[in-house]
Amino acid sequence: MNYQVDKKGFYGNFGGAYIPEMLVPNVEELRNRYLDIIQEESFQLEMDELLRDYVGRPTPLYLAKRLSEKYNTTVYLKREDLCHTGAHKVNNTIGQILLARRLGKTRIIAETGAGQHGVATATVCALMGMECIVYMGSVDMERQKPNVERMKMLGATVRPANSGSKTLKDATNEAIRDWINNPVDTHYIIGSVVGPHPYPDLVARFQSVISEEMREQLIDKTGSPNPDYVIACVGGGSNAAGAFYNYLSEPSVNLIAVEAAGQGVYSGHSAATTFLGKPGVIHGSKTLLMQTEDGQITEPYSISAGLDYPGIGPMHANLFETGRAKFYSITDTEAFNAAMLLSKLEGIIPALESAHAIAVLENLPLKKDDVVVINLSGRGDKDLMTYITRKDEFTK
Amino acid sequence: MTSTNINNKLTQLFSTKQKGLLNIYFTAGFPQLENTRTILKALQDGGADMVEIGIPFSDPLADGPTIQESNDAALNNGITLKKIVQQLQGMREEIHIPVLLMGYINSVLQYGVEELVADLSALGVDGLILPDLPVDEYKEKYQELFEANNMSMVFLVTPQTSVERLKYIDEASSGFIYVVSTASTTGNEAKDLAGQKEYFERIKNAKFNNPTMIGFNIKDHASYTEACNYANGAIIGSAFIKMLGNSHLLEKDIKEFVSFVKQG
Ligand SMILES: Cc1ncc(COP(=O)(O)O)c(C=O)c1O
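Line by line, the protein sequences are chains A and U. Be aware that the first sequence starts at 1, since it is given in this note's numbering, and climbs by one per residue. Be aware that the second sequence starts at 1, since it is given in this note's numbering, and climbs by one per residue.
It should be emphasised that the hints constitute simulated quantities derived from the structure, not laboratory data. Where hints are given, some of them may not hold.
Unchecked claim - Using 30 Å as the maximum straight-line C-alpha spacing, the simulated BS3-like pairs for lysine-lysine come out as follows:
1. K139/U with K166/A
2. K152/A with K191/U
3. K141/U with K166/A
4. K139/U with K278/A
5. K344/A with K278/A
6. K141/U with K8/A
7. K166/A with K242/U
To be verified - Per the computed footprint, the stretches of chain A lying under chain U, defined by three or more beta-carbons under 8 Å from a beta-carbon of chain U, are:
8. 17-25
9. 175-181
10. 273-282
Idealized CB from N, CA, C, for every residue including glycine.
Next comes chain U alone, as it looks inside the complex (with noise of 0.2 Å):
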């Protein structure tokens, strides 16, 4: 009832592939200003299933120390949603894989969700991810002009989630539900996967309308793997993000990131 009203690379991709899809979070503008294309290109080419474009933001709540340490030295290289969207410009001549953007309300509020959407939508984006946009107010307010838009809209569940919410959730996502691993801010060292067994098995088993993807401390061949087993994939962010912090040699970097995750 949701996935289906929406027609685009996303709900193309989940219904041509539902095992082992490996989603990759990166800043834009990090780390230079104008790698943003470089990235997404190599990403594409080294095997990624679908990215997901961080929009910096001064305050990201809901991030750890590697990325805000990444949206930081993006902000200092001068990125702004205006100029990611520049970069984006003639995106679909050579880039064919799923694009999300994610990011925090603000920074949408202040570009103007209208423009953005219709933005986004001529540039073939996708989707949003904006975890800290109500699902009310979604529903309330921008469903019909996301999906008169073909653009996705994900929403985040986590441990805690209720059985209801996590139904409530699920109607109002269109593309897939981002299933974050453990109660915790991106990139946590402190937290793993061991332990959530049961909650995977309580998502695995909750028979949504959309697919999941599990992210949150995923970060390497095993991560992926364990969570490929209870979801249609995982999404891959600070580990990616701080391998760029170290890359001297960018695009061989990232193939080989995507490969070891993938293949081991």
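Isolated chain A, as found in the complex (with noise of 0.2 Å):
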């Protein structure tokens, strides 16, 4: 089976490009050359060497030993955390900025929920000299504060979405109203395997370095490039990508997605879309997504800015229909205890998305000579506000 997009742009039953005709040119030219710029020799150097010397590439894998022992089984841990800006955000914003120079593009925009795909943004448009608008919903401005003032310390102008839920999807609405409008020198760099054909591809691409990396670092440490398990979080859905990217068709390796079930699946306050989406059209995709009986969008809820999203990629909703990957929830009480216990475990404090995924080493059923590799998307800086003033409440 192959899980990758088809030359129309869809998996399986999802995908595609469902976009007003006034974004069609941008995103046929961006259809149209993509993969022949990013498979530019002149390209790839530039982007190795950028990966390599500017964000810190590649991201050790570690072998968490106290963890393991905790769970009895063998965990690593793919340190995308220690990424320059502290998440996997810039692997993406990196490539699609080299991108936009080559499509002669002056002028970027971005949308951010947890503002890690902002200032991701904001660092690789100051590196380059270009301007960045950065969409944030109003709801996350204020839960992500740290983050509104480090993209403007790189340069970037904020702009709050004030519509809707005032958090990612509607950030994503803007920043697409933004790109209608500015039809001719604006490249919109998404943040997640979200959005119409090409994004999806294109951002999982460019998140695919990390299990390329994966695969050697494995082959160094068990003699094998294939782990039992990955593991990542899903918001859209871009770290998981790039960690699975290079075992979809590696039957023997175990996918799991972690969803955020907020304050359970079944609360009314979830962002666990494949518990609770059916098919439908988001932000130009066909996926699945939180939506009414007629159609409109729901609010999702996580403690989580970066899960906070009613819908997965494309590519993720074709996993899970076809069963490639397995999707679990994690409450906000269970992610923020796996970090309080990352933390005091191996000195490693995650972001709230990734404690998501740490969380769910609870719900496997692990064997002791089990090769589990957990994508720990980001670290906790940004988070720190809550850990601090909402530990009572969660480790009662």
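Join the two chains, each given in its own frame, into one complex according to the hints.
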């Protein structure tokens, strides 16, 4: 079975480009040129150099001994939290800014939830001396204040999205509207494997470096490129796409995707899309999304701003439908406690998003000789205020 | 080769009148849930040549703040696509001008495309405008269904649409071509028709099979008149919605609005 995108931009029943005509020229330009550009030797040399010298790749694959002991198995952490700017998001923004330059674009827009993608975009725009506008839901601006300040310090303009739930989906709407109004000079650096084709494929390719490195590192450490499990959290699904990418056609590798259950899958305050969603169209692609019977997109909830999204990328919708990946959901409380656990056992404070991936260790039927890789997508600096102020609430 | 396959109030209108057609967009269920029919009737009485009824959506990507807010208000009022269909029951007893529905593809997918086309056709609705439905997908999956039900499908073109694509869109359209005036979301006050002459000339001389209507950022008599120089007519949305939002006497204000736009 092939889990990659087909010629028409679909992953099985999901994907495509459901966009108003105003966006067609931009998206077509991207679709016609992205593969040629990213396969150019000069592009790859520039990308590799920046990933090595600026981002700090390869990121370590770390054997988490005390965590392994606790779960009586072998757990490795893929340390995307050690990337420059503190999360995997920069792998994609480096690739897209190089692409934008080759397309002759001078103005960059982006959406952000937790602020990590916004920071990663503002960072590469500073690096390249390009204008940067980041849309962020006003609710998220409040709960991720340090990242708002970081973006400003990096020279970006942060524009609040005040429509709808004032979170990631609304920031994405505003970025798309900006692109409609600025069709010539602007490139939209989308932050996850969502949006119209070719974005899901483009972003997955840029993130695929994660599993490319994992394979080599596992050979050194275990003798085999293939672990028994790869675990990643899913907001839109970019870190998971990168961690799964080079294992999609290795059926012996169990792919575990972890969604945010928020206050509980059926609490009415959740972002567990595969449990609660139905097929539909969001942000230009056909995928699973949380919606009413009338097709209105519902407001998701998660303590973690980066997972607070009512859809998932079409690639993941297909992995879910075909059963190639197994989807779990983790509540705010479980994620919070997993963050505390990792901090104490390994001296690593994870992002709240990544803590969801740690927490699922409780739910898997792990054996002593299993090799488990968790993609630790980001570090917890941005979540410190939440960890400090909500400790009593979650650790009772 | 296209419009000729379909016979409805929209194609009939274009065969009898080719100039100065005024098409007004309004959001169903706004300002009050039950205003849909009142507005429709007042538009007809005021002299609108056709109407587009907007299907409210939570995430209207192509719309600016005015239509976004009318969508939110209508959804808060409790509108759904099913309710719109109910509200339009019996419409053809009093409404004789062409009526189209405009919205986003997700609403239609959840209702069911075949079910919706059947229901709308029974009501006497003449066509649909779904800006985020890809032309390819329409041709592949839905064109036959629409034609069998005399249901027009209207696609958009923009200043950036290439010559080949204009042709392709014209071939898929039935009813008219929706000419988006500027690269813009709806109701963007920073954009106007100045500087669009070359584009409009290109459209005027394109020899489409379908009639053309210019929309987006048409807001008054002057912009309506300007648009009518290059197309069969013009479409007004945000300016009308804004007026509705401030109106205390809907029927009177609607008739005045239409007459101001047409006569100045
Ligand atoms: C650290 C971290 N992990 C995960 C995510 C979720 O995004 P994705 O599912 O695209 O990896 C985010 C998004 O902001 C993030 O900051």
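We went through each hint and held it up to the structure:
1. K139/U with K166/A: Violated. K139/U to K166/A sits at ~36 Å, over the 30 Å cutoff.
2. K152/A with K191/U: At roughly 28 Å apart (the allowed maximum being 30 Å), K191/U and K152/A satisfy the hint.
3. K141/U with K166/A: Violated. K141/U to K166/A sits at ~35 Å, over the 30 Å cutoff.
4. K139/U with K278/A: Holds, at about 25 Å.
5. K344/A with K278/A: violated (39 Å)
6. K141/U with K8/A: holds (15 Å)
7. K166/A with K242/U: Within the cut-off at roughly 23 Å; holds.
8. 17-25: holds (count 8)
9. 175-181: holds (count 4)
10. 273-282: With 5 residues closer than 8 Å to chain U, the segment 273-282 of chain A meets the three-residue bar; holds.
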